[in-house]
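Visitor: Please model the complete structure; the sequences and the hints are all you need to start from.
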Amino acid sequence: MILSIQLLEEELKKSLKGKEEIKTGTLRMLLSALHNAEKDKKYKTQKEEGLAAEEIESIVASEAKKRRESIEAFLKGGRQDLVAKEKAELDILLSFLPPQLSEQEIDVLVQEAVASTGAATQKDIGKVMGYLAPKVKGRADG
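Just so we're aligned: 102 in numbering that gives the first Met the number 0 is position 103 of the sequence shown, and the numbers increase by one with no gaps anywhere.
Treat the hints with care, since some could be wrong.
[Stated by the list, open to error] Dumping the calculated DSS-like pairs for lysine-lysine here, alpha-carbon to alpha-carbon at most 30 Å:
| no. | residue 1 | residue 2 |
| --- | --- | --- |
| 1 | 22 | 41 |
| 2 | 75 | 12 |
| 3 | 46 | 136 |
| 4 | 43 | 134 |
| 5 | 46 | 18 |
| 6 | 18 | 41 |
| 7 | 75 | 65 |
| 8 | 84 | 126 |
| 9 | 122 | 22 |
| 10 | 40 | 136 |
| 11 | 43 | 64 |
| 12 | 65 | 38 |
| 13 | 86 | 38 |
| 14 | 38 | 22 |
| 15 | 86 | 75 |
| 16 | 136 | 122 |
| 17 | 65 | 16 |
| 18 | 22 | 126 |
| 19 | 12 | 84 |
| 20 | 22 | 75 |
| 21 | 64 | 86 |
| 22 | 75 | 13 |
| 23 | 38 | 84 |
| 24 | 84 | 65 |
| 25 | 22 | 136 |
| 26 | 13 | 86 |
| 27 | 84 | 13 |
| 28 | 134 | 122 |
| 29 | 38 | 13 |
| 30 | 134 | 40 |
| 31 | 18 | 65 |
| 32 | 84 | 18 |
| 33 | 126 | 136 |
| 34 | 12 | 41 |
| 35 | 134 | 41 |
[Said to hold, decoys possible] Pair ranges (Cβ atoms, derived):
| no. | residue 1 | residue 2 | range |
| --- | --- | --- | --- |
| 36 | 71 | 45 | 36 to 42 Å |
| 37 | 77 | 97 | 15 to 21 Å |
| 38 | 83 | 16 | 23 to 29 Å |
| 39 | 35 | 75 | 25 to 31 Å |
| 40 | 45 | 87 | 26 to 32 Å |
Bear in mind the hints are in silico, worked out from the structure with no lab data behind them.
For every residue, glycine included, the Cβ atom is placed at its ideal position computed from N, Cα and C.
Guide: Following this line, the structure appears as C-alpha coordinates:
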(Lines of atoms letter the chains of each structure in order from A; the text may use other names.)
(Lines give C-alpha, C1' and ligand atoms only; values in the text may rest on other atoms or scores of the structure.)
Protein backbone atom coordinates (compact mmCIF):
# COMPACT_ATOMS: atom_id res chain seq x y z
CA MET A 0 0.00 0.00 0.00
CA ILE A 1 1.45 3.33 -1.05
CA LEU A 2 0.48 5.92 1.50
CA SER A 3 -0.93 9.15 0.09
CA ILE A 4 -3.03 12.07 1.22
CA GLN A 5 -5.77 10.94 -1.19
CA LEU A 6 -5.86 7.50 0.43
CA LEU A 7 -6.19 9.07 3.87
CA GLU A 8 -8.95 11.38 2.64
CA GLU A 9 -10.85 8.35 1.29
CA GLU A 10 -10.44 6.64 4.67
CA LEU A 11 -11.78 9.80 6.33
CA LYS A 12 -14.87 9.73 4.09
CA LYS A 13 -15.46 6.06 5.01
CA SER A 14 -15.10 6.78 8.71
CA LEU A 15 -17.51 9.72 8.45
CA LYS A 16 -20.09 7.54 6.71
CA GLY A 17 -19.55 4.77 9.26
CA LYS A 18 -19.81 7.26 12.16
CA GLU A 19 -16.49 6.12 13.61
CA GLU A 20 -15.72 9.07 15.87
CA ILE A 21 -12.22 8.14 17.02
CA LYS A 22 -11.03 7.17 13.54
CA THR A 23 -12.53 10.34 12.07
CA GLY A 24 -10.81 12.52 14.66
CA THR A 25 -7.49 10.74 14.23
CA LEU A 26 -7.59 11.03 10.44
CA ARG A 27 -8.51 14.71 10.63
CA MET A 28 -5.56 15.32 12.96
CA LEU A 29 -3.24 13.38 10.66
CA LEU A 30 -4.44 15.14 7.52
CA SER A 31 -3.99 18.48 9.26
CA ALA A 32 -0.38 17.58 10.13
CA LEU A 33 0.21 16.45 6.53
CA HIS A 34 -1.27 19.60 5.03
CA ASN A 35 0.85 21.74 7.36
CA ALA A 36 3.98 19.83 6.36
CA GLU A 37 3.03 20.22 2.70
CA LYS A 38 2.65 23.99 3.13
CA ASP A 39 6.00 24.19 4.93
CA LYS A 40 7.67 22.25 2.13
CA LYS A 41 6.14 24.50 -0.54
CA TYR A 42 7.25 27.59 1.39
CA LYS A 43 10.81 26.33 1.86
CA THR A 44 11.35 25.00 -1.65
CA GLN A 45 9.18 27.52 -3.51
CA LYS A 46 7.90 24.61 -5.61
CA GLU A 47 4.38 23.27 -5.99
CA GLU A 48 5.17 19.63 -5.28
CA GLY A 49 3.39 17.54 -2.70
CA LEU A 50 4.75 15.22 -0.08
CA ALA A 51 6.46 12.00 -1.12
CA ALA A 52 5.23 8.70 0.31
CA GLU A 53 8.32 8.51 2.56
CA GLU A 54 7.57 11.96 3.98
CA ILE A 55 3.96 10.99 4.65
CA GLU A 56 5.10 7.78 6.34
CA SER A 57 7.54 9.78 8.47
CA ILE A 58 4.78 12.14 9.61
CA VAL A 59 2.46 9.22 10.44
CA ALA A 60 5.30 7.64 12.46
CA SER A 61 5.88 10.94 14.24
CA GLU A 62 2.20 11.19 15.18
CA ALA A 63 2.29 7.57 16.41
CA LYS A 64 5.31 8.40 18.56
CA LYS A 65 3.39 11.32 20.09
CA ARG A 66 0.58 8.92 21.00
CA ARG A 67 3.02 6.50 22.66
CA GLU A 68 4.49 9.33 24.73
CA SER A 69 0.99 10.51 25.69
CA ILE A 70 0.04 7.00 26.77
CA GLU A 71 3.07 6.87 29.09
CA ALA A 72 2.25 10.28 30.57
CA PHE A 73 -1.41 9.41 31.09
CA LEU A 74 -0.49 6.09 32.73
CA LYS A 75 1.76 7.93 35.18
CA GLY A 76 -1.04 10.39 35.85
CA GLY A 77 -3.65 7.66 36.36
CA ARG A 78 -5.86 8.82 33.49
CA GLN A 79 -7.14 5.49 32.15
CA ASP A 80 -9.89 7.17 30.13
CA LEU A 81 -7.32 9.11 28.11
CA VAL A 82 -5.03 6.07 27.84
CA ALA A 83 -7.80 4.14 26.08
CA LYS A 84 -8.43 7.01 23.65
CA GLU A 85 -4.72 7.40 22.84
CA LYS A 86 -4.32 3.64 22.33
CA ALA A 87 -7.25 3.64 19.91
CA GLU A 88 -5.67 6.52 17.97
CA LEU A 89 -2.30 4.76 18.00
CA ASP A 90 -3.85 1.59 16.55
CA ILE A 91 -5.40 3.63 13.73
CA LEU A 92 -2.08 5.34 12.95
CA LEU A 93 -0.17 2.04 13.03
CA SER A 94 -2.57 0.60 10.46
CA PHE A 95 -1.10 3.05 7.93
CA LEU A 96 2.52 2.13 8.65
CA PRO A 97 4.47 -0.91 7.44
CA PRO A 98 4.67 -3.71 10.02
CA GLN A 99 7.49 -3.33 12.55
CA LEU A 100 10.38 -5.79 12.45
CA SER A 101 10.62 -8.28 15.31
CA GLU A 102 13.72 -8.39 17.51
CA GLN A 103 14.76 -11.64 15.82
CA GLU A 104 14.51 -10.07 12.35
CA ILE A 105 16.56 -7.09 13.52
CA ASP A 106 19.18 -9.42 15.04
CA VAL A 107 19.50 -11.27 11.72
CA LEU A 108 19.92 -7.98 9.86
CA VAL A 109 22.54 -6.77 12.36
CA GLN A 110 24.53 -10.00 12.01
CA GLU A 111 24.33 -9.67 8.23
CA ALA A 112 25.50 -6.05 8.45
CA VAL A 113 28.43 -6.92 10.71
CA ALA A 114 29.49 -9.73 8.38
CA SER A 115 29.22 -7.68 5.20
CA THR A 116 30.95 -4.56 6.56
CA GLY A 117 33.67 -6.48 8.37
CA ALA A 118 32.97 -4.61 11.59
CA ALA A 119 35.14 -5.85 14.45
CA THR A 120 35.07 -3.16 17.12
CA GLN A 121 32.72 -0.61 18.61
CA LYS A 122 34.39 2.01 16.40
CA ASP A 123 32.89 0.34 13.31
CA ILE A 124 29.31 1.01 14.40
CA GLY A 125 29.00 3.81 11.84
CA LYS A 126 29.59 1.33 9.01
CA VAL A 127 27.02 -1.08 10.45
CA MET A 128 24.44 1.68 10.92
CA GLY A 129 25.06 2.95 7.39
CA TYR A 130 24.35 -0.53 6.09
CA LEU A 131 21.29 -1.08 8.30
CA ALA A 132 19.55 2.30 8.10
CA PRO A 133 18.07 1.93 4.60
CA LYS A 134 16.98 -1.66 5.29
CA VAL A 135 15.04 -0.92 8.48
CA LYS A 136 13.87 2.64 7.79
CA GLY A 137 10.36 3.07 9.14
CA ARG A 138 10.16 -0.53 10.31
CA ALA A 139 12.11 -0.35 13.58
CA ASP A 140 12.14 2.14 16.42
CA GLY A 141 15.39 3.47 17.85
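Visitor: Quick one, are residue 86 and residue 38 close enough, alpha carbons at most 30 Å?
Guide: holds, 29 Å
Visitor: Given a hint of 36 to 42 Å, does the C-beta separation of residue 71 and residue 45 actually sit inside it?
Guide: For residue 71 and residue 45 the Cβ distance comes to about 40 Å; the hint holds.
Visitor: Given the hinted pair residue 84 and residue 65, is their alpha-carbon gap at most 30 Å?
Guide: holds, 13 Å
Visitor: Does the structure keep residue 86 and residue 75 at a Cα separation of 30 Å or less?
Guide: holds, 15 Å
Visitor: Run the distance test for residue 136 versus residue 122: straight-line Cα separation, threshold 30 Å.
Guide: Judged against 30 Å, a Cα distance of about 22 Å means the pair holds.
Visitor: Would the hint linking residue 75 and residue 12 be met if the CA-CA limit is 30 Å?
Guide: violated, 35 Å
Visitor: Given the hint that residue 75 pairs with residue 13, test it: the Cα-Cα distance must not exceed 30 Å.
Guide: violated, 35 Å
Visitor: Does residue 136 lie within 30 Å of residue 126 when you go C-alpha to C-alpha?
Guide: Cα-Cα ~16 Å, so holds.
Visitor: Under the criterion that the straight-line Cα-Cα distance not exceed 30 Å, is the pair residue 13, residue 86 satisfied?
Guide: The given pair, whose Cα atoms are some 21 Å apart, holds under the 30 Å limit.
Visitor: Does residue 84 sit within 30 Å of residue 12, going by the straight-line distance between their CA atoms?
Guide: holds, 21 Å
Visitor: Using the Cβ atoms, figure out if residue 77 sits within 15 to 21 Å of residue 97.
Guide: violated, 34 Å
Visitor: Holds or violated: are the alpha carbons of residue 18 and residue 41 at most 30 Å from each other?
Guide: Outside the cut-off at roughly 34 Å; violated.
In this structure, the earlier hints numbered 2, 5, 6, 8, 9, 18, 22, 37, 40 are contradicted, and the remaining ones agree with it.
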